[in-house]
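Peer 1: Taking the hints into account, I'd like the entire structure generated from these sequences.
Under the working numbering, the first sequence is numbered contiguously, ending at residue 645.
Hints in this document: simulated from the structure, not taken from any laboratory. For each residue, glycine too, the CB sits at the ideal point set by N, CA and C. Only true hints are included.
Here are the simulated DSS-like pairs of lysine-lysine, each with C-alpha atoms no more than 30 angstroms apart in a straight line: (1) 23 with 312; (2) 99 with 163; (3) 139 with 171; (4) 410 with 346; (5) 416 with 474; (6) 310 with 346; (7) 346 with 23; (8) 474 with 442; (9) 232 with 279.
Each pair of labels, with its calculated beta carbon distance range: (10) 278 with 445: 49 to 57 angstroms; (11) 191 with 522: 21 to 29 angstroms; (12) 537 with 623: 35 to 43 angstroms; (13) 191 with 517: 14 to 22 angstroms; (14) 102 with 246: 45 to 53 angstroms; (15) 201 with 35: 54 to 62 angstroms; (16) 331 with 296: 15 to 23 angstroms; (17) 276 with 612: 50 to 58 angstroms.
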Amino acid sequence: MVRLFGFGNQTLNALLRSCRTIKEALQIHAQIVVNGRHADLFVLSGVISFFALSGTRNGLHHSRVLFSQIHFPDVFIWNAMIRGYSLSDTPEDAIFLYKSMLAEGVQSPNEFTFPFLLKSCVRLSRLQTGRQVHCHITKNGFESDIYIVNALLHLYCAFRDMKNACYVFEKSLVRDCVSYNTMISGYVQAGLAFSSLQFFKKMLELHIWLDEYTVVALLSACSSLIDPIAGKQIHCLAYIILGSVSSNILLMNALVDMYAKCGCLKMAERVLSTMGTNKSITALTSVVSAYAQCGEVEVARRIFDQIDEKEKDVVSWTAMISSYSRVGHFLEALELFVQLEGLGIKPDVVAVVAAISACARLGALELGRRIHQKYAENWPFCQHGDFTSAAVDMYAKCGDIDTAMDIFRKTPDHLKTTVLYNSTISGLAHHGLGETAITIFKEMGLLGFRPNEVTFVAILSACGHNGLVEDGKKLFESMLTVYNINPAMEHYGCMVDLLGRAGCLNEAYDIVKNMPFKANSVIWRALLGACKTHGDVELAKTAGEELLAMEPDHGARYVMLSNMLADTDQHEEATRVRKTIDDAGIQKPPGWSYVELNGTLHKFLAGDRSHLEAKATKLMLRDMYMGLKSTGYVFSASKMVFDMD
DNA sequence: CTAGGGTTAG
Numbered sequence: 001m002v003r004l005f006g007f008g009n010q011t012l013n014a015l016l017r018s019c020r021t022i023k024e025a026l027q028i029h030a031q032i033v034v035n036g037r038h039a040d041l042f043v044l045s046g047v048i049s050f051f052a053l054s055g056t057r058n059g060l061h062h063s064r065v066l067f068s069q070i071h072f073p074d075v076f077i078w079n080a081m082i083r084g085y086s087l088s089d090t091p092e093d094a095i096f097l098y099k100s101m102l103a104e105g106v107q108s109p110n111e112f113t114f115p116f117l118l119k120s121c122v123r124l125s126r127l128q129t130g131r132q133v134h135c136h137i138t139k140n141g142f143e144s145d146i147y148i149v150n151a152l153l154h155l156y157c158a159f160r161d162m163k164n165a166c167y168v169f170e171k172s173l174v175r176d177c178v179s180y181n182t183m184i185s186g187y188v189q190a191g192l193a194f195s196s197l198q199f200f201k202k203m204l205e206l207h208i209w210l211d212e213y214t215v216v217a218l219l220s221a222c223s224s225l226i227d228p229i230a231g232k233q234i235h236c237l238a239y240i241i242l243g244s245v246s247s248n249i250l251l252m253n254a255l256v257d258m259y260a261k262c263g264c265l266k267m268a269e270r271v272l273s274t275m276g277t278n279k280s281i282t283a284l285t286s287v288v289s290a291y292a293q294c295g296e297v298e299v300a301r302r303i304f305d306q307i308d309e310k311e312k313d314v315v316s317w318t319a320m321i322s323s324y325s326r327v328g329h330f331l332e333a334l335e336l337f338v339q340l341e342g343l344g345i346k347p348d349v350v351a352v353v354a355a356i357s358a359c360a361r362l363g364a365l366e367l368g369r370r371i372h373q374k375y376a377e378n379w380p381f382c383q384h385g386d387f388t389s390a391a392v393d394m395y396a397k398c399g400d401i402d403t404a405m406d407i408f409r410k411t412p413d414h415l416k417t418t419v420l421y422n423s424t425i426s427g428l429a430h431h432g433l434g435e436t437a438i439t440i441f442k443e444m445g446l447l448g449f450r451p452n453e454v455t456f457v458a459i460l461s462a463c464g465h466n467g468l469v470e471d472g473k474k475l476f477e478s479m480l481t482v483y484n485i486n487p488a489m490e491h492y493g494c495m496v497d498l499l500g501r502a503g504c505l506n507e508a509y510d511i512v513k514n515m516p517f518k519a520n521s522v523i524w525r526a527l528l529g530a531c532k533t534h535g536d537v538e539l540a541k542t543a544g545e546e547l548l549a550m551e552p553d554h555g556a557r558y559v560m561l562s563n564m565l566a567d568t569d570q571h572e573e574a575t576r577v578r579k580t581i582d583d584a585g586i587q588k589p590p591g592w593s594y595v596e597l598n599g600t601l602h603k604f605l606a607g608d609r610s611h612l613e614a615k616a617t618k619l620m621l622r623d624m625y626m627g628l629k630s631t632g633y634v635f636s637a638s639k640m641v642f643d644m645d
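Peer 2: If you want it as structure tokens, here you go:
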């Protein structure tokens, strides 16, 4: 038995720090208690911080129990708890603890408290809370602590808010290599890779020290610019400023990733091979996704399969899952997800979101529901904005708008995000609930959420599908005047569609002629559709010809135009277009339909009889058709042909 | 007296 009487406090802390397992630490802790040393706050703080930072849920829980028994913890102990939770899967507890500390009114936060809090805000995707913490930092006079400045920069960069990041950067009296690194990667993440290189220039001019993180950030700038030449230069720079490169895993991963993302797969694999037997799962995952992005899913899968099962982690599985989704192989994606669950690997939020959105794309409502419900019970998932919005999107796309709205309504305001509003509004739009969409849009503004480009596509199309012409026009105008968003091609497209559907063909055509872009095929198609509905043959010809010129090998366009001509009794013209199709040997790629029943997916093609129950299905359809007819419904085949994609 | 910031892959 160890006797701890003779040990000094610092020795006890050192002893704890040397523990490799929770069990060892528990033994030391027991001895501390047996020897009556636990009343000493300093000793106790060592114990609490060890368990809080152990990285395990049990350890954190143990420290929480000890913590709750202290009447007045000192600021070090508060910080240890806050830090522990900021790294845990429930970072919101860190914020909760901070509030408790303030409420207790005994201890004030110090310069160590805030970086942990800011980290929690980032992990929770809660910019609003982060701003409040920023206010507390100012109030407590910690604006010039370099650690806090860097944590603030990280906060704003993580939310792509480069305006506030710059503000903090410019205003700060202290800046170091970390500040510059954070800004460089912030610019890249915000999609402003070019600015990041300018920042790097500034860094060089001011002779700021460069380190491996600088190189990593610069490499990601090159990936984002798809500039392998610049990437190679940075690769050289790495040798100059760092000396040894191949022993630096972080750097090797970034290098492989850069070459992979730039499409230089040979180079990526060459760098990878220099890692010999130490190939990291990170670098391998980069190569897997790169192949998938180049359209070589099979190659990606082969590499993925060659990776040692024990090496594979959630990220590499998710990479393969998303690769399948990217090329539309949703069934394979979901198969992998189920396999991953079966192997006992715990999917994280990103993995589950990937699976749920694959269900959304497939229309696999019941599988989607199963996955959603299973993970909704794990509450770190519910805290995550991406999880909620993916679920809303899935239910809406699978036709269950009630559940989608239910989830939206049950989400507390502080967990709502712009993305959640976007999924909700576009879900409502697809279900023809334009009025509700507008209500939600207004609520969004009242709660202080800024609509973005995506929001406007959703809300404008909601107006379009519901004939809300005036609302649509007002919202479109407000984009620039109120929200300072430049309407993009898609927004003009929504307006053309909206006006066209409402029969304002001239107004729609005016938009096409006057907008700052050359109309794309989507816009011409919308206009052509409107001409068809409202019988404007002249404009239809213009739109149709434009469409043909734009997508000469897109068979569906020919079919549309020919159907339209036939429909307006211009049979000669129609035959001419048909002939063009045959002459060019153009074929419309078949459009598969999927229906999910009792957890099984059924695949169909038009006119397809391969399905086991094709005959029964046909009979059922005939019954339904007869039923419809008896109620006086008139079936129009021409409308069907027109709306085909 | 103990401690904090930037990290690549989905």
